[in-house]
Amino acid sequence: MNTKPTSLKLVEAVCQGSAKEMGFSQGEAVLEKIHSARNALAQLEAFRLQQPWWMPYRAYLRLADFKASRFLEQCNNAEMSERLAGIAEGAGLSLQAICLFNAMEPLLSAVGGCTACPGACSAVAVRGRRSATGEPILARNFDYLPLVQPFYIVRESRPKGRLRSLEFTTAPLAGAVDGMNEEGLCIIYNYAFAIDEQSAAAPPISIAISEALERCGTVTEAAQWISSRPRCGGGILMLCDASGDVASLELSSTRSYLRRPAAGEDVLFHSNAFSSSTMREVQVPWDAVYTKKAARPLRGRRLHESSALRDRRFSQLLAEVDVIDINRIGNIMADHGSENMPSDYTPCVHGSYWFTTACLQFFPRERRMRVAYSSACCADFEDLIL
12 MNTKPTSLKL
22 VEAVCQGSAK
32 EMGFSQGEAV
42 LEKIHSARNA
52 LAQLEAFRLQ
62 QPWWMPYRAY
72 LRLADFKASR
82 FLEQCNNAEM
92 SERLAGIAEG
102 AGLSLQAICL
112 FNAMEPLLSA
122 VGGCTACPGA
132 CSAVAVRGRR
142 SATGEPILAR
152 NFDYLPLVQP
162 FYIVRESRPK
172 GRLRSLEFTT
182 APLAGAVDGM
192 NEEGLCIIYN
202 YAFAIDEQSA
212 AAPPISIAIS
222 EALERCGTVT
232 EAAQWISSRP
242 RCGGGILMLC
252 DASGDVASLE
262 LSSTRSYLRR
272 PAAGEDVLFH
282 SNAFSSSTMR
292 EVQVPWDAVY
302 TKKAARPLRG
312 RRLHESSALR
322 DRRFSQLLAE
332 VDVIDINRIG
342 NIMADHGSEN
352 MPSDYTPCVH
362 GSYWFTTACL
372 QFFPRERRMR
382 VAYSSACCAD
392 FEDLIL
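Every number in this note's numbering is 11 more than the matching position in the sequence shown, counting from 1.
If you are wondering where the hints come from, they were derived from the structure by calculation, not from laboratory data.
All values reported here derive from a predicted model rather than from experimental measurement.
Yeah, the Cβ is synthetic: ideal placement off N, Cα and C, and Gly gets one too.
Don't take each hint at face value.
As the list claims (entries may be wrong) - The calculated label-pair distances, taken between Cβ atoms and stated as ranges, are:
#1 T144 with N351: 45 to 53 Å
#2 R379 with P161: 34 to 42 Å
#3 E377 with P308: 35 to 43 Å
To be verified - Under the rule of at most 30 Å between Cα atoms (straight-line distance), these lysine-lysine pairs were calculated in the DSSO-like manner:
#4 K78 with K304
#5 K78 with K44
#6 K171 with K303
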């Protein structure tokens, strides 16, 4: 395996060795961000909405810590537990506090009552005749809360005896949101709205992404690994490898569906809505609206409206041009709609609750990743080479 180090300034944590050692390195390297994230929980409306009106915040936080740690203990994933313990030790926080951050991903995505959602997001992949260079290109907008943006990090993971990778995540998380490994496998994670549940506690999808990046070199291998792993929550993963194979993997807690481009097509995109009839059986109903238990800006809005409109716009934009280069794909992700009015419903999201807070581009054959912590319309990318 390649051991050449990555030295660009955007990589804030280099994590190597055992799971515990990798976690410790991360916790120590981004200690200040983790502590700031802990303090910011008090401002996270989706978290505070679960607080009983009669319970003081400190008591609620302790209770949430306890419930999160019990949930993750029951997942029976030894490496995840070791990595969480390492992050806690490195950051000088309790293990329960770190567990809360890592349990929030699946718990906030449990939107059966249309109360909360962990974010929006969009992903596009082109290859072959649709790519100006012939190589695969992936682009994603990470649409999330501006409150969380200061806690984004890129880490380099060097697990002992496994594949090295660059991963985009948040400071307290053991798993990865997006990543690329030294074989050229890329994985992009969009959240989805699933309502089915595992019969037993299971790790968040971000853990399965990190596991796949450590072990897999192709789309087929990664899809098989992730689909076979116990998991909690819903998601749609864009997968691509150095050969140009590309696929969209739709996931819930109990089901999965792998979608590849139609015959003769070299483009694929998705936002947050499942495409297959099998997966839509376990998706929040298409006409569902956010209830009064949701964050105030979302109440009364149709849950899937943004996904439907963004998917429609991507379809239009991708049909307007045959060959797409790095500038063109950047323009597509930065689009503000046919009337040039950015909103909750445009590819570059400027909404009442969510915003495009990070943009990433991947070039699997070059092992190159570009990252900007900003909206797509004003992205100033930094390049990282693995």
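Here's how the hints hold up against the structure:
1. The beta-carbon spacing between T144 and N351, approximately 29 Å, falls outside the hinted interval of 45 to 53 Å.
2. For the pair R379 and P161, the beta carbons lie near 26 Å from each other, so the given range of 34 to 42 Å is not met.
3. In this structure, E377 and P308 meet the distance hint of 35 to 43 Å, their C-beta atoms being roughly 40 Å apart.
4. With a C-alpha separation of about 20 Å, the suggested pair K78 and K304 falls inside the 30 Å cut-off, and the hint holds.
5. The hinted pair formed by K78 and K44 meets the criterion: a straight-line CA distance of about 23 Å does not exceed 30 Å.
6. Taken as a hint, the K171 and K303 pair is broken in the structure, with Cα atoms around 48 Å apart against an allowance of 30 Å.
Taken one by one, the earlier hints fail for this structure at numbers 1, 2 and 6, listed in ascending order.
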